[in-house]
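Here is how the chains run, residue by residue.
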Amino acid sequence: MDLVKLYFRSPPAVIGLVLLILVLVMAASADFLYPRDPLALAGRPLIWPFSNPRFLLGTDNSGRDIAAQIFHGARISLLIGGVATAISIMIGITIGALAGYYGAYVDTALMRVTEAFQTLPNFLLLLVLVAVFGSTITTVTVAIGIVSWPASARLTRAEFLSLRNREFVQAGRTLGLRDIRLIFGEILPNALPPVIVYASVVMAIAILLESALAFLKLSDPNVASWGNLIGAGRDVLRVQWYVSAIPGIAILVTVLAVSLVGQGLNDALNPRLKSR
Amino acid sequence: MSPILVLDDVSVKLPAGGDRAHAMANVSLALAANEILCVVGESGSGKSMTANAIMRLLPGGVTIDGGRILFEGRDLCGLSEAEMRKVRGAGIAMIFQEPMTALNPLRSIGDQIGEMFELHSELSAAEIKARTLALLEEVRIPDPALAFKAYPHELSGGQRQRAMIAMALALDPKVLIADEPTTALDVTTQAQILKLIRDLQRRKGTAVLFITHDFGVVAEIADRVAVMSKGEVVEAGETEAVLGNPQHAYTRQLIAAVPPLKAPPARTLSDEPIMTIAHVSKTYRTGGFLGRGQRVTHAVKDVSLVLPKGATLGIVGESGSGKSTLARCLVRLIDPESGEIRLNGIDLASLSREEMRSATRHIQMVFQDPFASLNPRRKAGEAVAQGLIVHGMARPQALARAKELFGLVGLDPAATERYPHEFSGGQRQRIGLARALALEPAVLVADEPVSALDVSVQAQVLKLLAELRQRLGLSIVFITHDLRVAAQVCDLVAVMKSGEVVEAGPIGTVFSEPQHPYTQALLASIPGRDFGEGRELAHEPVA
Amino acid sequence: MRVLSLAGRRLAASIPTLFLILIGVFLLLQLAPGDTVDALMAQMGGGDAATAKQLREFYGLDLSVWAQLGNYLWRLVRLDLGFSAIYGKPVATVIAERLPATILLMTASLSFAFFFGLILGVVAARGVNKWPDTLISTLGLMFYAMPTFWFGLMAIVVFSIYLQWLPAGGFEDITVSYTGLRRTLDIALHLVLPTLTLGLFYMAIYLRIMRGSMLEVLNLDFVRTARSKGMDETRVVVRHVLRNALLPMVTLIGLQAGTMLGGSVVVESVFSLPGLGRLAYESVIQRDLNTLLGIVFVSALLVIAVNFIVDLLYARLDPRITTGS
Amino acid sequence: MDMTRRAALKTSAAIASSVLFPMRSFAQETPRKGGVFTVHYGAEQRQLNPSLQASTGVYIIGGKIQEQLVDLDAKGQPVGVLAESWEASPDGKTITFKLRPGVTWHDGKPFTSADVQFTAMEMWKKILNYGTTLQLFLTAVDTPDPLTAVFRYERPMPLNLLLRALPDLGYVSPRHLYEGKGDIRQNPVNLAPVGTGPFKFVQYERGQHVIAERNANYWRANAPYLDRIVWRVVTDRAAAAAQMEAGQIHYSPFSGLTISDSARLGKDPRFIVSTKGNEGNARTNTIEFNFRRKELADIRVRRAIAHALDIPFFIENFLGDFAKRGTGPIPSVSTDFYPADNGPQYPFDKKLAAKLLDEAGFKPGAGGTRFSLRLLPAPWGEDVSLFATFIQQSLADVGIKVDIVRTDGGGFLKQVYDDHAFDLATGWHQYRNDPAVSTTVWYRSGQPKGAPWTNQWDWTDPTIDKIIDDAATEVDAAKRKALYGDFVRRANTELPIWTPIEQIFLTAISAKARNHSNTPRWGSSSWHDLWLAE
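Chains as they are written, first to last, in this note's numbering: chain A, 1 to 276; chain B, 1 to 543; chain C, 1 to 325; chain D, 1 to 534.
It is possible that some hints are incorrect.
Listed below are the simulated DSSO-like cross-link pairs for lysine-lysine, each with C-alpha atoms no more than 30 Å apart in a straight line [stated by the list, open to error]:
1. A:217 with D:401
2. C:89 with D:125
3. D:181 with C:53
4. B:86 with C:130
5. C:53 with D:109
6. D:449 with A:217
7. C:89 with B:13
8. D:355 with C:53
9. D:126 with D:109
These are calculated hints, taken from the structure and not from any lab test.
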């Protein structure tokens, strides 16, 4: 597949992939390296990193091992990012496909709903959803998914509008294919690549949203997510700034990795853009 | 007269991984003042690359790696970028193929033409405006004052090309390079533009390097001609000599592949109609608010035609004449408001969507753009078998049938496993044909099936169509804007203009004694009318 | 003239969207545990059942949900946003007090992001695949990936405490009352860090969009025509490419106006700015439905207004809109 | 910088205590007139009139503008402010206050007994939280002359209870601005208070600041010293500490800063961080049991949970030395009521806890978990969230799986005190100088559903009810103290709530301030004598 060859030609994309693999390894090896519950009291609170061999990255203001929380946090943040992205892409594709394919009334109605979601500031809607349905990890993830689908809906709709009258679709129609087969069999496979690439942007935003929620102490306290660690670190920020800094860097690296991979895929998909 | 532009043994290297090492290999050409040199060749022959090399506007990664380009004795390859810029536009000017996209959509025509004077002269704004208006006058654009202020999207294709020519000739350049300027235009507009270029060239004595793939155009305006193939100049000389008796085998094949305008002797047609189209019309209402200020376009107005069994009915006309809309109405991709389309006794126009879905097997369509008519993500064999599977045939059986159909259309049956991007343009049209024939339709509707192909490939596909028509007794509705192709393929022809059929009848009579003034104008504007008279359609396959 | 009718039609189309949002949020917040009286008692640190019942009647919380919704919409039609439980004042005045801070922050961040995004995008596109492109793109991604509140807090630690250059928070210095220019300067000084914090994230987005759109336009035919006219590269970019590349950037402003207000919730709480973002957060916590819906209404109007301006700007840039292609 | 946290907290406490006794030993400076004193105002309230809302968030502003009948002096004893003297009838049913003459409201109108009558009957009795229960049996306030107010009670009101409660619940509002002006709650004066206090209200910019200026004709001679007080709204605690260090804020009241920032500022010579001046605002951290869960209805399980918590370790490592071990519902700072013997104290003993749980029949099942509980922590107070995670970890060690459910203010009150949708809850119990004011309601049965911080545990104990009712009306101070001793011992034995930690609010103030923290509720007092050295 020349896509892979094209992908590896750009150095940032490779760096992104390496970082992503690093985070994935961190998530996978969490149980092995830190078998104990990351939220368990491990030692005295607020030990500085590298000052105590037992706690490589020190402890937070609840005496929990920061390194353990970073490793387990990787899994949680990727989970939240991944599932929320899947939900938002799923909703986005269905609404985008229907609006783009059928047009006219269906399109206007669905576009009004999309506009409604986009006019309402998404973080505000997220606050309301969390205030209403509580701050468990499931509600937070679903809420992030519900809040971030309009962009992918617009993208899918644009793809469908351009593909809908493409000749191979008309050919399908003359062969007697039903709408459903046309949408999912013919158009969707061609509309997916840009949406999949956009998924990296949605995932980046999902992880950032979760960390913002945790910063306002609205995320799930029973889960060792990076956002919670930043939220906890906020109270000791002036002196033990590392409690917030370390998870901040972890989020930075993960979102950077996801975005670089997304960008690499995008450039590989339409190489014309790359070379002038 | 000493040549004003000389290409001496010029080679241009392509970046690694291209289909061949050199875009241009040891090309030598000479262009004298007050002369039109046509460079003709198929796509990929390197003719456009020649123009870019002269202007030193090569795409990224492509470099000149040999030879000299002398303009008025100076070697352009050696010039610095700053000096080259002085030559571009002032010394050598260029016009391009796509009038729709060659002008900046966000700035007015007058602005863009005026820019030439801003770049290369010290004229004041007022003088520039006057000169621009004069230029617009010179290229005979209707209402130059309006055109000056207009934006590109407000002009027709032809007017835009005139504006491009005005821009190019602003500073009376010594050399004008025209890279397929009329390919995207309708035949009538093309005729006017060719005449305009001819007149301006004569009056101003400019040397014109005219790049085209259409031998008709060569016959029409070229003083001398150079034929290119795969980056090399295979033959060059006076137009009559080269066209009269081509020396190089490749040139001979190319000329032979150009369908003559005179139709072959008429075939006897059965008198039993397989399909009758009665009073079909379709109108589009766009914009407007609650009925007020609506723009109504009558795409198809009260068209009635008859397709005899086994015959080929050609529908010709310029873009916007409604021929495609009519074709799409036949297969119900578009629902006509009124009228009947009776096929084997069933009126297709009145069927519900569900009924049409099963009746569609009797009438199938072949599309124009080879690259868009196949789903890139679906194997070629599957695309052909899809119709059969939908109509109830078991998958393995359908795939087997697809292999047979690949053989029928002259493709390697094993190719059913490959993806569309692995085929050439001509092969893809064959796959399209196989797909249409899979359901054994009574009528085949072909919408400009060969317009996007090179002339040699075009000839092969037309030959295949003729064989299939013979073997399967197909009745075909053939839509095209190229009268030469129509002349060779169709038995009957209907000439459409702004949605109406202005003339119809056996193609031989219509083309030799056209009754309707529009048909006469249409036939008159075909470039190189008498070129290739009295020759049978070339039979042997071209390498 | 056509542009106004076009933009007018967009305004009309957004009225149903607005009602859709308001009713949606109203019903959603009904499901939240506890109401504004519980939140008040939490704040007061006490209160017996009798006072609670009285307060509920006062705030009209004892009516059925549909009755409350009916009242709200009937008042909304008469542009009366109702009474704020938190502040004991009409919602309109509460929002009017907080609006200037938000509008200032948003316009400052938006213009900062758009301006620098544009310039860096052009520079990156011009030197594509060379070191300026990789440097700018990676830098852009860094700001994009950095959680805004984290950057904000770190900026406070560095700039206002360690270097003592900038105030640590607040909208203006009120211990001493400045007036006129001196006061605007003081407010500007207070807004530097928040604008940077909110703006950098969006700058990264504009940067990427501009770079992509520049590369796209540079490949179009009319750029080749421009070059064939003997134009140098800078003039090609300035006179031809830039304006075409701006079109997707302008549309992006419209799409992002909404998310920016969302982002300001966090920035306003870190820099203790009295904006709509924090007011929204407080009204959710305090279950003050009238204020929250008031904010949603105003922010929706803000977004619609921004889109209206974007339409005008777009029409100004692209003649194809006004003369109707 | 590897000073461990405990060490850091240790040194700061040392500095703080040195401040206590005696005050900074420098010559008796002459007070400087003038200057602007800026205050960190963390949570904006819905209104600023302390006669309508009894919470520190209102006192911090309203307490400087309006004055109460009685306040506490340096030694915590009642001292007259608007009342010069008072005496109670032997049966405790009538208490007469002699009011201070020559006092005027900020708008110039004279202060008379009519104001006291209106405020008591219309505000304290009907609206003021905790005031409504305190004045439940107040029948009338007679005003024989403009400077005398006679309070008539249906059931005897112990004088020392009233005098202890009035500093918080005794603020007087101007009758002429409220009577006949529609609903008191919606009166705009609530957001622009008019009082008799040392500072006059100037301006309230929502979300930004509140400003008050010196009251020129204040009844105390040449007071106040300050020109102007500015309260700056800063909700983010880290930002507040930053603004203090940047010199934009002089004083952060009621533990407004984070624990670690307080410790750090404590070591900075520019600031004084101590609990001095907050003795009147003591609070205990609570663990509230929901008897609707059969496990928690068993006394052995409740005791096991109490034993499972290593409180000294938690205080030492998480809260530092401004908190100490709680002994029961009445905190040790309340010298008048603190009993010598507080009953069972449940010291940390993991084995005993496990034994008790086994006895109760809850053997550890799969993965060592006996049963699981939902813990709802109150969403305010950094110490509450730290304590919640500590409870979660400690109970996990004895086989009880704890899930923390995070809520916001309204949600917490609704789910705990109204829907009773909780197993364990933890938050603050605010002690207001007298057990009858806000403490006994946590234990007294028959509390209306939905009333926050009251007995919603589905637990009734007739003996404790009787003790509470008798103490509330016992006129003799000594007998009343004895009764409350029985109340504490009973509470700690039955353990419907366990109060393991006692804390006092923390003050962080600029070292340039003088005459600060000189009364037990200084943060809420009128600051008439506060001044700023150069």
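These are the hints, each one checked on the structure:
1. A:217 with D:401: OK: residue 217 of chain A and residue 401 of chain D at ~22 Å, within 30 Å.
2. C:89 with D:125: Answer holds: residue 89 of chain C to residue 125 of chain D is near 25 Å, not above 30 Å.
3. D:181 with C:53: 22 Å, holds
4. B:86 with C:130: 28 Å, holds
5. C:53 with D:109: Not OK: residue 53 of chain C and residue 109 of chain D at ~35 Å, beyond 30 Å, violated.
6. D:449 with A:217: 29 Å, holds
7. C:89 with B:13: Violated - the C-alpha atoms of residue 13 of chain B and residue 89 of chain C are around 77 Å apart, more than 30 Å.
8. D:355 with C:53: Distance of about 46 Å is beyond 30 Å: violated.
9. D:126 with D:109: 25 Å, holds
When each numbered hint is compared with the structure, violations occur for hints 5, 7, 8.
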